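Protein chains in written order, with this note's numbering: chain U, 1321 to 1586; chain X, 1321 to 1586.
These are calculated hints, taken from the structure and not from any lab test.
Don't take every hint at face value.
Note that the list lumps identical chains together, so a pair holds whenever it fits in one copy or between two copies.
[What the hints assert, rightly or not] Computed cross-link-like contacts, BS3-like style, restricted to lysine-lysine with a CA-CA straight-line distance of at most 25 Å:
1) K1509 x K1563
2) K1582 x K1509
3) K1582 x K1455
4) K1455 x K1509
5) K1563 x K1455
6) K1482 x K1459
Please read all numbers here as calculations on a predicted model, not as lab measurements.
Protein chains: 2
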Amino acid sequence: MDGMEMSRRQALTGIGGVVFGFVAGSGLMSTALSTSLAGAQEAPMGEVPSLPWPYPQLDPEAAAERAYAAYYAGGCMYGAHEGLIGELRETVGFPYTVLPTRMMEYGKAGVVGWGTLCGALNGASGAIYVASNDKTRDKVIDELYGWYGQEALPTYRPQIPKFEIDTSTATSPLCHVSVTRWCNATGFKALSPERAERCAWLTASVAKYTVELLNEQAGVAIAHAVPAAVTQCLACHGRSGVKENVHANKMIGCAPCHDPAKHPGR
Amino acid sequence: MDGMEMSRRQALTGIGGVVFGFVAGSGLMSTALSTSLAGAQEAPMGEVPSLPWPYPQLDPEAAAERAYAAYYAGGCMYGAHEGLIGELRETVGFPYTVLPTRMMEYGKAGVVGWGTLCGALNGASGAIYVASNDKTRDKVIDELYGWYGQEALPTYRPQIPKFEIDTSTATSPLCHVSVTRWCNATGFKALSPERAERCAWLTASVAKYTVELLNEQAGVAIAHAVPAAVTQCLACHGRSGVKENVHANKMIGCAPCHDPAKHPGR
């Protein structure tokens, strides 16, 4: 271990102004653990800087194209996340080089087919929390989710599409609602290649709009606010309401799941 | 840069069997980008092994306690993710040392208050995709989500709780549904400290059950399958159905949002 300790010290002291060092050569492989694990615990472990990491201006279309390609390599969540982090990896380098973006494959189809949160939004949100600070990141997410629920999507047509894709309004950040509304609007089946292409365009669209928002950061304006119909429901069901039983304080609409005609007192 | 190149070569060659090196000392700081970015691009960037990363047996209760504490440090998604990754960081070391788990704070309250996917599930899913292979990871997630929707939660009581917490059945992996059902069952408000404590217990419960599943990995059994009421709906609305407009192929129930009495033909 002496050689490694030496090199770590050199890495830490060899460059003026170095504030963190990053060395690991412990031979740790996912398929050969038993002996190397002990060595890894003794070896100096990698250190990464605290979040947020540097964010330069990115090219929205480059992120969109990268996201479109990544969708077909690992699904919607990986697609949007890799679209953004991949651009940062190429532009900034370390520390983005150490992010295992493949982990985000779990978010496909609202998490491996559970139809919950749209994976493109899930993956973009993770990237936003890597590259934006605590004064701007929630505003970027709020505008992204508001835009997603209220605009006709997808908004981005990739340079070499597999099919031409018509739009629909998702009305919700949920995969199941978003996809079903598109299927109902276009007549395509949920497991069709056209639906996959729609989600690839959508992943690209989310990556592109996220870059446009991140490029503005502190100056981001909320152009797609929570609709009045939702804030009206939350006046009673949200914070300090007479029936404060809803933790969500943002949504595009309540009516898709809750029938206003069935509300007590109606 | 010569000293850094030297140290990188030493790190790469100084230990027998080394297959990846990891050196960065470029002075990259999130608040001082202009000059250091160029240097970072030239510097040797860190490399991490492909997923999945090593998974030894973990202690479910240790992960639960770590998740409970992390909930109060960064919310539900960070709580579950850090509960799991933190145990792996301590047990395995590198490469877990390079994961910036703080990025997962975005998932709090179903992503910064949007009430979508339960953050504990979101954070656990990310950890599962880091530490489990492509033959086991989706099965672990399916059982985790099925358990979450069908069991009375939370199942884990932390060693030093702030309050005692009653249980409810979430019926859904969504934050909004899960929290509202607990509020309605217990009478506590959605923004109350008791509700936060319930979500802290829940985060701990999710981390604990995830460890129990990961400890079995390939041997995991699906004890909480998709209910027949859902597969019945999907017979028409899912893959190859006469009205294939639903992308989700797993859910705990359709009735919370869709009134069966309103189905055409009824």
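Reference check for the pair K1582 and K1509, CA-CA at most 25 Å: within, between, both, or neither?
between (32 Å within a copy, 22 Å between copies)
Worksheet item: Within a copy, between copies, both or neither: where do K1482 and K1459 come within 25 Å Cα-Cα?
Response: neither (34 Å within a copy, 31 Å between copies)
Task: Intra/inter-copy verdict for K1582 and K1455 if alpha-carbon distance must be at most 25 Å - done: neither (40 Å within a copy, 45 Å between copies)
Classify it for me, K1455 with K1509: is the Cα-Cα distance of at most 25 Å met within a copy, between copies, both or neither?
So K1455 and K1509 fail the 25 Å test inside a copy (41 Å) and across (27 Å) alike.
Can you give me the call for K1563 and K1455, within, between, both or neither, at a CA distance of at most 25 Å? Neither, since 30 Å and 45 Å both go past 25 Å.
Open item on the list: Cα distance capped at 25 Å. Does K1509 pair with K1563 within a copy, between copies, both, or neither?
Closed with: between (40 Å within a copy, 8 Å between copies)
Comparing the model with each earlier hint shows violations of hints 3, 4, 5, 6; every other hint is respected.
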